[in-house]
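Asks: If you follow the hints, you should be able to join the two separate chains into one complex; please do so.
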Amino acid sequence: MSIAVEGIRKRFGDYVALDDVAFEVQTGQLAAILGPSGCGKTTLLRIIAGLETPDAGRVFLQGREATELPVARRRVGFVFQHYALFKHMTVFDNVAFGLAVRPRRDRPSRATIRAKVEELLALVQLEAEAGRRPTQLSGGQRQRVALARALAVEPEVLLLDEPFGALDTQVRQELRRWLRRLHDALHFTSLFVTHDQAEAFEVADSVLVMSRGRIEQRGTPEEVYDAPATAFVHGFVGTTLEVPAFRSGGQLAIGPLPRVADPGPDGEVRVVVRPEDLVLGGVGTGWPGRVVRVRMVGPLVHVDVALDGGTGDPLVAELPVERYRAGPVAAGDVVGVRFSRYRAYPANAHGGGGG
Amino acid sequence: MAAVLPVATFPARTPRRVLPGFGLSLGYTILYLSLIVLIPLVAIFTKTAELGWDRFVHVISSPRVVAALALSFGTAGVAALFNAFAGLLVAWVLTRYDFPARRLVDALVDLPFALPTAVAGIALTAVYAPNGPLGRLLGALGITVVYTPLGIVAALVFIGLPFVVRMVQPVLEELDREVEEAARTLGAGPRQVFARIVLPAVWPALLTGFALAFARGIGEYGSVIFIAGNMPMRSEIAPLLIVTKLEQYEYASATAIAVVMLVISFVLLLAINALQAWSQRRLSGTAR
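Chains A and B, in that order, are what the protein sequence lines are. For the first sequence, numbering that gives the first Met the number 0 assigns the number 0 to the initial residue and increments by one for each residue that follows. For the second sequence, numbering that gives the first Met the number 0 assigns the number 0 to the initial residue and increments by one for each residue that follows.
In case anyone wonders, no lab produced these hints; they're calculated from the structure. Incorrect hints may have been included.
In silico negatives: residues of chain B with every beta carbon more than 12 Å from chain A [to be verified]: (1) L18; (2) V41; (3) S61; (4) R63; (5) L110; (6) L136; (7) L137; (8) R165; (9) V259; (10) N272; (11) A273.
Computed cross-link-like contacts, DMTMM-like style, restricted to lysine to aspartate or glutamate with a CA-CA straight-line distance of at most 25 Å [unchecked claim]: (12) A/K86 <-> B/D175; (13) A/K86 <-> B/E173; (14) A/K86 <-> B/E179; (15) A/K86 <-> B/E177; (16) B/K46 <-> B/E246; (17) A/K115 <-> A/D105; (18) A/K86 <-> B/E180; (19) A/K115 <-> B/E180; (20) A/K86 <-> A/E126; (21) A/K86 <-> B/E172; (22) B/K46 <-> B/E249; (23) B/K244 <-> B/D53; (24) A/K115 <-> B/E179.
Each residue gets a CB set at the ideal place from its N, CA and C atoms; glycine is no exception.
Excised from the complex, chain B in its bound form (with noise of 0.2 Å):
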């Protein structure tokens, strides 16, 4: 249609673009993102940078630290694989089925997030605690979950089930009824129409809120230390690590683990990223 136009005849000009204020929005945006988020990061970098190169490696080498970060990053992917799975299903009940308390549950989700961590990890501590009511039921089956990792990931659990449930529910809403219809005239069972066309549809949401809940678990610190008991090398996870050196005023020793956490974050989340565009591309396909 373009070339229809007389173009040429027109002198030429930077291209206008239909929604105004690009950049204004594009300058403040790269503004608050260095004021909020880059110029404190950067900060750490540079107090990591007075460790010098040799003390920061026996910093993050040392066992305690590599257990720290070990603990931290595998309770949080294991806490986030749960709530992938558990969120689904939260999800899936809020937009299937209509029941009495169906809004109510759906508010019930949100309770973690407006829950000051601290109070939620003395709840689960006292629920968990041998003698409490749920810790009472496993001990007899021989499961101990307070100060241990597994009472971290039960934290972990609880923190970040609401970024699941929250990242799939409006996918799972917006699914279109009839599409899955379409699936069964065709032939497909309720196993295959999950699997092949409501999986696919709410995948990237469920990466995303995988990642979210992984990263939120990464730097859980409130309900953590309530329930981890933090015994050095069992369960002690690197954010308390942190802070205890910074009661010990090693700044630069609490940054350089600081920075460990960060760069691992990143390459996590940015993987993750990838995963995303690429199931985005790939995950369609399914007679080739």
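The shape of chain A in the complex, shown without the other chains (with noise of 0.2 Å):
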């Protein structure tokens, strides 16, 4: 195992930032803690790579117990939100710190150093920039530029806070592909975090969803997005409709849908689904509702449709072109809503809003 945490504690003040976590990346892995700001996620971050203590709780890299070990020792590549790059050297220099600071005995000759930082702008994609200041690079080039640096000193993990979090979407996307090709050609392990889902989920191989210091979930992204653990998380990762329902029985009545058999203790029950796992069928099929509106987005229609007896704004179904044309509705129309697929959650569990 790459990094391994147990037991983690951190508070700030009465602020309770990290309660218990727990959680272990495989070598070669690339892992992403998405939460809502304030979850405590960066301050985990930040604890793993040294540059904050924790309370209480242990830290592994490379299998070794790395608590106590100070901050310059951990052989952990850290890149910041905001780049951190050193203003007053070049891109060259700036990749050339890490080998540069070396005690003298483990430092590379100067000709080591420089093949290696031209190797790494090579790999970067900055080879023409080396000997310009960060001030004169674009958002997605400073932070290739810190990327190249951490990766200079050749660290076991790799950690990087939202790297992508103030750059331009398009420049996101497109760097968010390339660390992932990085990562697959380098074969080093890394974690990074994240509070857009779509960016955890197109990058890495597992998730970790966090809310108020503590961990809900952890899973490959499916499992995550397919079978999330707690509401919040169903919230947290993708759009969630939420509809009255109650258990009485073992019987679980969703509006006045059929009953189904669902264990558990009576009460109320949060029932949550999906936009694309609303299905729209004929008067009679479903719980009767009224269609309020229809928009094209892209490749989906969305319709609204306001329930009977529903309580709150219209549910909004999300259905591919085709499925719609096979069936079109307009505003007016009464029809049956039926779910292929929902989830329920104890009424009393936090969550939901959150992010």
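Replies: Quick look at the structure:
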């Protein structure tokens, strides 16, 4: 295991940033910590890097305990959201820094440093910018310099704190695909922090969802999206529609839909559905409702349906264009709504908003 | 991008500045500089010219004048150098650590600005006098402060400290902590972080603070005359010598010394500016 933490706790005054966090990342994996701002994900990353000390718990890097190890000796590469480049140095000197500050006996020769830096600049496609200052570069270029700088010291693990957070959408997408390719080519172990579920799902092998200083769920992107462990995760990783439901005698009643067997305590239940799992049929096929509005949104058709007896805003169903064309509806139509998939969570559990 | 626009079809005109009022504000700047700085300075030169070259050389090469000039520039330089270190330290403590009396200490730094310099001089003399609290201790070690060049340095350190602190402090505050953390993760030790990351960032401000403290020290009068003892050839500063000449109605001689001080100060400040510009370009390299 490349990165492992156990029982990590950290508080800032009265605020509990991390509450008994434990997980591990397998060697060679690219893992993402996903969570809303303030959930403790950056603090966790900084504790792994040694930039912050935990109040309790232990950190292991490459199977060795590193809890007490100073930052400089942890051999972690750290990439900051706002790049944290050395403004008074050229791109070349930025990348060379980690090698240049080594004690004399471990320091590579000047020629070796030069060769290494040039190799890294080629890797991040910035050979032409070697003599420039960070302020003369675009955001995407700066983050690539930061990455090259972190890789120069050949870290055992690479930690990235919202590495694409400060970039435009387009650059961000480009850069995250590029990071994935780089990861596959170089086989280091990486852990990155993000609040963007699309980013986590696109880049990572495994995802840890955090909320309020705790890990809510860990798994592959599919597992997290298809089988969210908590209502919070369901709400955080994708659009979530909530319908009133209750359970009695081991049977779940979702509105007027036929009851289904669902063991559990009696009482109110939070039933949540993804917009793509709404099925619109003729009257009598499901929960009756009235179509409020129909919109084409790229390859999807959004249909707003106000359920009879439903509380709050209309539900927005998202149908692929072909499926919509097979059974088109218009505003004012009365339809029957079914849910091809849904998940039920205890009503008292926290979550829902959060993000 | 400009090439895309059909620029050539427009009649040529003077380029419009984005910020308005350039002409007016520059005009006022020159007017004020002339009234406040340049005209009085020119007056010094014209007054000095009354002496004629030979008399001028005679006045400024007299041993007493040379000693006073050397003392003024020497003590100002030593004090500014000391303040560069001490000021950096104070600024560092004020920006890096949070302690109960931080705001109070922060306010104390400005006190030398506000205090009448004569009061500072009298207070320092009282403290460092052989029977004063600090003077007694130093006296036991065989160090005399009052009525020696060391006393002048002590006064100039007191007067010059806020210049360095107030120049360096905002730069330290602006310094991104993540940049230092990045250096740490790359394997740099605390001393390397300071030498390679922090110091290059504050260096221009530190130089400016040094230059200001130095310039202030050269011209300082009020605090120094109380503690210096003002013995000719030993502890008499150039500004005091100017006043002495004025009191003897030797106006031209007084301005002659002033001219020499002005020219040396100007050259030194220019040199510091050049060093600053040079270091900003040069001090950046690490690997090469």
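Asks: For every hint, state whether the structure bears it out.
Replies: Cross-check of the supplied hints:
1. L18: Check passes; 22 Å lies beyond 12 Å.
2. V41: 40 Å, holds
3. S61: 48 Å, holds
4. R63: Holds: least Cβ distance 47 Å, greater than 12 Å.
5. L110: 33 Å, holds
6. L136: 41 Å, holds
7. L137: 41 Å, holds
8. R165: 22 Å, holds
9. V259: Fine: 38 Å to the nearest Cβ keeps B/V259 off the interface.
10. N272: Per Cβ check, B/N272 is outside 12 Å of chain A; nearest 19 Å; holds.
11. A273: Holds, since 19 Å exceeds 12 Å.
12. A/K86 <-> B/D175: 10 Å, holds
13. A/K86 <-> B/E173: 13 Å, holds
14. A/K86 <-> B/E179: 12 Å, holds
15. A/K86 <-> B/E177: The hint holds at about 12 Å.
16. B/K46 <-> B/E246: 16 Å, holds
17. A/K115 <-> A/D105: Given pair A/K115, A/D105 holds - Cα atoms ~15 Å apart, limit 25 Å.
18. A/K86 <-> B/E180: 14 Å, holds
19. A/K115 <-> B/E180: 23 Å, holds
20. A/K86 <-> A/E126: 18 Å, holds
21. A/K86 <-> B/E172: 16 Å, holds
22. B/K46 <-> B/E249: Holds, at about 11 Å.
23. B/K244 <-> B/D53: Cα-Cα ~18 Å, so holds.
24. A/K115 <-> B/E179: Distance of about 23 Å is within 25 Å: holds.
The earlier numbered hints are all upheld by this structure, with none contradicted.
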